[in-house]
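Participant: These protein sequences, in sequence, are chains A and B. Sequential numbering of the first sequence, starting at 1, is according to the UniProt record's numbering. Sequential numbering of the second sequence, starting at 1, is according to the UniProt record's numbering.
Derived by calculation from the structure, the hints in this document are not laboratory data. Every value quoted in this text rests on a predicted model; they were computed, and no experiment measured them. Backbone N, C-alpha and C define an ideal beta-carbon position, used for all residues, glycine too. Where hints are given, some of them may not hold.
[To be verified] Chain A side only, calculated, beta carbon under 8 Å to chain B, not exhaustive:
| id | residue |
| --- | --- |
| 1 | Arg-261 |
| 2 | Leu-271 |
| 3 | Trp-282 |
| 4 | Glu-301 |
| 5 | Phe-302 |
| 6 | Phe-448 |
[Stated by the list, open to error] Computed far set for chain B versus chain A, every beta-carbon distance over 10 Å:
| id | residue |
| --- | --- |
| 7 | Ser-54 |
| 8 | His-125 |
| 9 | Gln-267 |
[Claimed, not checked] DEER-style ranges, computed between Cβ atoms:
| id | chain 1 | residue 1 | chain 2 | residue 2 | range |
| --- | --- | --- | --- | --- | --- |
| 10 | A | Thr-325 | B | Ser-54 | 55 to 61 Å |
| 11 | A | Tyr-467 | B | His-10 | 30 to 36 Å |
| 12 | B | Ser-261 | A | Ala-412 | 44 to 50 Å |
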Amino acid sequence: MRALTATNDFVVKFANVNGSGSASANTLFAKSILRMGIPIASRNIFPSNIQGLPTWFEVRVSGEGHLGRRGGVDLMVAMNPQTWDRDVAEIEPGGYLLYDSTKPLPKSKFREDVNVIGVPLTEMCNAAYTDARQRQLMKNIMYVGALSALLQIDPAVVETLLGEQYKGKERLAQSNRDAFHMGRDWALRNLECPIGLRLSALDAVGERIFVDGNSAAALGAVYGGATVCAWYPITPSTSLAEAFERYCRRLRMDPETGKKRFAIVQAEDELASIGIVVGAAWNGARAFTATSGPGISLMQEFVGLAYFAEIPAVIFDVQRAGPSTGMPTRTQQADILAAAYASHGDTKHILLFPEDPHECFTMGADAFDLADRFQTPVFVMLDLDIGMNDWLCEPFRWDDARRMDRGKVMTAEELEAGKTFGRYLDVDGDGIPYRTYPGTHPSKGAFFTRGTSRDRFARYTEQGSAYVDNMQRLLRKFETAKAYVPRPVERRAAQPTRDGVIYYGSSSAAMREALGALEADGIHLDALRVRAFPFHDDVMDFIARHDRVFVVEQNRDAQLRTLLTIEGCVDPARLVPILHYDGTPITARFIRAAIADKASALNVVPLRKAMP
Amino acid sequence: MSYLPKPKLHHPTLPKNALGYTRRDYEGAISTLCAGCGHDSISAAIIQACWELSIEPHRVAKLSGIGCSSKTPDYFLGASHGFNSVHGRMPSVLTGANLANRDLIYLGISGDGDSASIGLGQFAHIMRRGVNMTYIVENNGVYGLTKGQFSATSDKGSKAKRGAVNTDEAIDLVGLAMQLGATFVARSFSGDKAQLVPLIKAALLHEGAAFIDCISPCVAFNNHEGSTKSYDFVREHNEAVNRLDVILGRQPITAEYAPGSVTEVTQHDGSVLRLRKLAPDYDPTDRVAAMNYLQERKAAGEIVTGLLYVDPDPTDLHANMGTVAVPLNRLGDAELCPGSAALARINAALR
Chain A
1 MRALTATNDF
11 VVKFANVNGS
21 GSASANTLFA
31 KSILRMGIPI
41 ASRNIFPSNI
51 QGLPTWFEVR
61 VSGEGHLGRR
71 GGVDLMVAMN
81 PQTWDRDVAE
91 IEPGGYLLYD
101 STKPLPKSKF
111 REDVNVIGVP
121 LTEMCNAAYT
131 DARQRQLMKN
141 IMYVGALSAL
151 LQIDPAVVET
161 LLGEQYKGKE
171 RLAQSNRDAF
181 HMGRDWALRN
191 LECPIGLRLS
201 ALDAVGERIF
211 VDGNSAAALG
221 AVYGGATVCA
231 WYPITPSTSL
241 AEAFERYCRR
251 LRMDPETGKK
261 RFAIVQAEDE
271 LASIGIVVGA
281 AWNGARAFTA
291 TSGPGISLMQ
301 EFVGLAYFAE
311 IPAVIFDVQR
321 AGPSTGMPTR
331 TQQADILAAA
341 YASHGDTKHI
351 LLFPEDPHEC
361 FTMGADAFDL
371 ADRFQTPVFV
381 MLDLDIGMND
391 WLCEPFRWDD
401 ARRMDRGKVM
411 TAEELEAGKT
421 FGRYLDVDGD
431 GIPYRTYPGT
441 HPSKGAFFTR
451 GTSRDRFARY
461 TEQGSAYVDN
471 MQRLLRKFET
481 AKAYVPRPVE
491 RRAAQPTRDG
501 VIYYGSSSAA
511 MREALGALEA
521 DGIHLDALRV
531 RAFPFHDDVM
541 DFIARHDRVF
551 VVEQNRDAQL
561 RTLLTIEGCV
571 DPARLVPILH
581 YDGTPITARF
591 IRAAIADKAS
601 ALNVVPLRKA
611 MP
Chain B
1 MSYLPKPKLH
11 HPTLPKNALG
21 YTRRDYEGAI
31 STLCAGCGHD
41 SISAAIIQAC
51 WELSIEPHRV
61 AKLSGIGCSS
71 KTPDYFLGAS
81 HGFNSVHGRM
91 PSVLTGANLA
101 NRDLIYLGIS
111 GDGDSASIGL
121 GQFAHIMRRG
131 VNMTYIVENN
141 GVYGLTKGQF
151 SATSDKGSKA
161 KRGAVNTDEA
171 IDLVGLAMQL
181 GATFVARSFS
191 GDKAQLVPLI
201 KAALLHEGAA
211 FIDCISPCVA
221 FNNHEGSTKS
231 YDFVREHNEA
241 VNRLDVILGR
251 QPITAEYAPG
261 SVTEVTQHDG
271 SVLRLRKLAP
281 DYDPTDRVAA
291 MNYLQERKAA
301 GEIVTGLLYV
311 DPDPTDLHAN
321 MGTVAVPLNR
331 LGDAELCPGS
341 AALARINAAL
351 R
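Pulled out of the complex, with its shape left as it was, chain A reads as follows:
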């Protein structure tokens, strides 16, 4: 039988039962490969459930450093009888199946073209442990031990990691080490080790870090000076607010009094969350909320008020699929239009599209400067794939000379000196007015905040001309923002081409990999990674320079393409949608096939040439 062979280039998938304690063993497996200097991309696929339903963990080992999901499975660690059949079916021909061989399974349960590796995990656990929970948990560490022998993971690395994980809990560290070696030794004694899939130490990880986007964004909020966080639990954004609290407790306690330099409210719903953010920001604190699609829907009214009343707000939208439960634990980029034009009336908002946790941190901090500078809501558009999975990315960086940009805030001294204050007066021609914080001056600078019905000095008026004047200024302000938001990043094809591709957010890793493959196929594409809305002039320039541009996104309705079409008055026929929206992260294989397919279909060959 054929057996796949590959060094530092394969996919291992773990099929587990939710709540069985597999997560920490799987993370141990992933991290030990990283510590061997080999890049990996790992992804959780989990249910809307606390305990009992199936959950999967996928590790893509890529010595070349591809961080997108590859698709396909070379080695399946099948620990969940519930999903056995589909797990086995997913293995590539010539691939491997590692399973718990304690109970014999009929031959029909296996595939002819798959290499089967049985390890009697339950039997070993039952022999070694008496406690039921321990039997369950140690089974996971044991299969990591077996895998270390099969794939050639350095056992010293695993021991070091266990030591770090259970620092100060030596007994726990030792029992984990014992279980690891039990699995490893059994495999070495009874199986042919290694198999065709092998690891070989590299130096390809460098100084990169392994972290999830939600934690990174939360840390960005800490560095960005956020002091008020109001949120309502919703998958997949919950861990962002929780990470903010964790980091604040470590980094934001007053050393003298032990008091908090931050306030976190778990609000009663998303309406209250954004209301608290708006109130805090109106009063001069940097404030944010973290949510997902349904939360964005609920926040619409407040987002509109913040836009018209010109109040800063940062909203982290960790996007997911659809309403209700189930698909919402899967990833999508499906809130682009909902966020860009959120609320009633004529509104447009600043959106940022981080590609990985490194940018979640950077943009997480930048969002607060942008919100203050433009006195408006700013959406940081993460998704479940970036937010809840650990990604290998550049380390976080911070310039200690950097200071918060609080934007145009008039001080008591300036008011006292007689500077003219009109809350909605465009003094500098950039559309951005000055604001004052409540309580600034005894007799100057106070104003009454309301939605739209006011003049340049915040006096109540229902006159149409004052409304139009204000709406035009808001447009000027949005125009000014184009130069402040992160610029797009262009990557030129190896040879001149009239075709381009636009992509953003979590599709980036898969896109980069696909570009290399497409080039090998003879399809040359200039590529532009869009990082923000409003679109920088470079984006429209890129589209103008190409005959057709593929737009790669993870939603059904080609939402970024729609936004480009509307905002850039682009002929929709020139923007070809490449859409992936089944809830799994987009893969290079998908992009490559979809673009190749569209490219050939769209290639119109002149009739005369086509004739023999």
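For chain A, the structure is supplied; the task is to place chain B on it using the hints.
Facilitator: Only chain B this time, still in chain A's reference frame:
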């Protein structure tokens, strides 16, 4: 409403408070509400209370939702920042504002539609959290701006102007506030300034969640025969449990009271609430007894007013959270940004 602009010049003999301000310095823009609207009396009572307490007007933040009552913050304290926010969502905006700067005085103005219908959830949660504020509901039992629909505080059996009778149970905001943990709860009547002004003063001095349900008749849509929120009905059924004087510092006692007829409650800030008892044995520091009493009198068809409950030593959201004494909006880069060295340590732990 009046179209006459207010003269800017003040009469030189107008009385001044400790800060040297006259009452006129606490006024705002001219009201656009109907002549005789109870809400304007409440605005006047707020002006009087702030003037008497010598509060610096710019240290007050006025927040409201949407509706007739929510328009009123424009009509008092013109030197204060105000925020006419989202219908029913003033409590969350006020909570956020309070978190940002604990040093200002927060005054939330709402109506019965704003707080008891669309905003009942936020009303409940701001009381639970014990936000340090004065929250006044200008309660007229009717939607004014949309012309006369029943609100959720309309009493069962109350008749609308066009004759419809309300069949739904009324929401009792006072009962809810007490049950949900507000530490100062009062009910008053916009037509009784002598009762209302001291209650607002006491609420402003209270360092916790203070709630005043102020019945405020709507002269346009709810002041007719058959309404239970009309001037006549409220005057007939008003049963005050006490009369309040707020005493700051060491003001001499000028009035003589019969023994046992006065209760004094010292608030956390040192102000003394002197309550002249009108209902025998009513103890406004006993929450459970107060709730029982209110239910009893309500069953008897009375509208109980006065200071109904006060916790003289309340906590607030900041105390519960353990936030620093300096307002969060005054913290700068040095206090907020952990810097590159801390980041290097975080990076190291993620490898």
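Participant: Could you check the structure against the hints above and give me the numbers of any it violates, in ascending order?
Facilitator: 8
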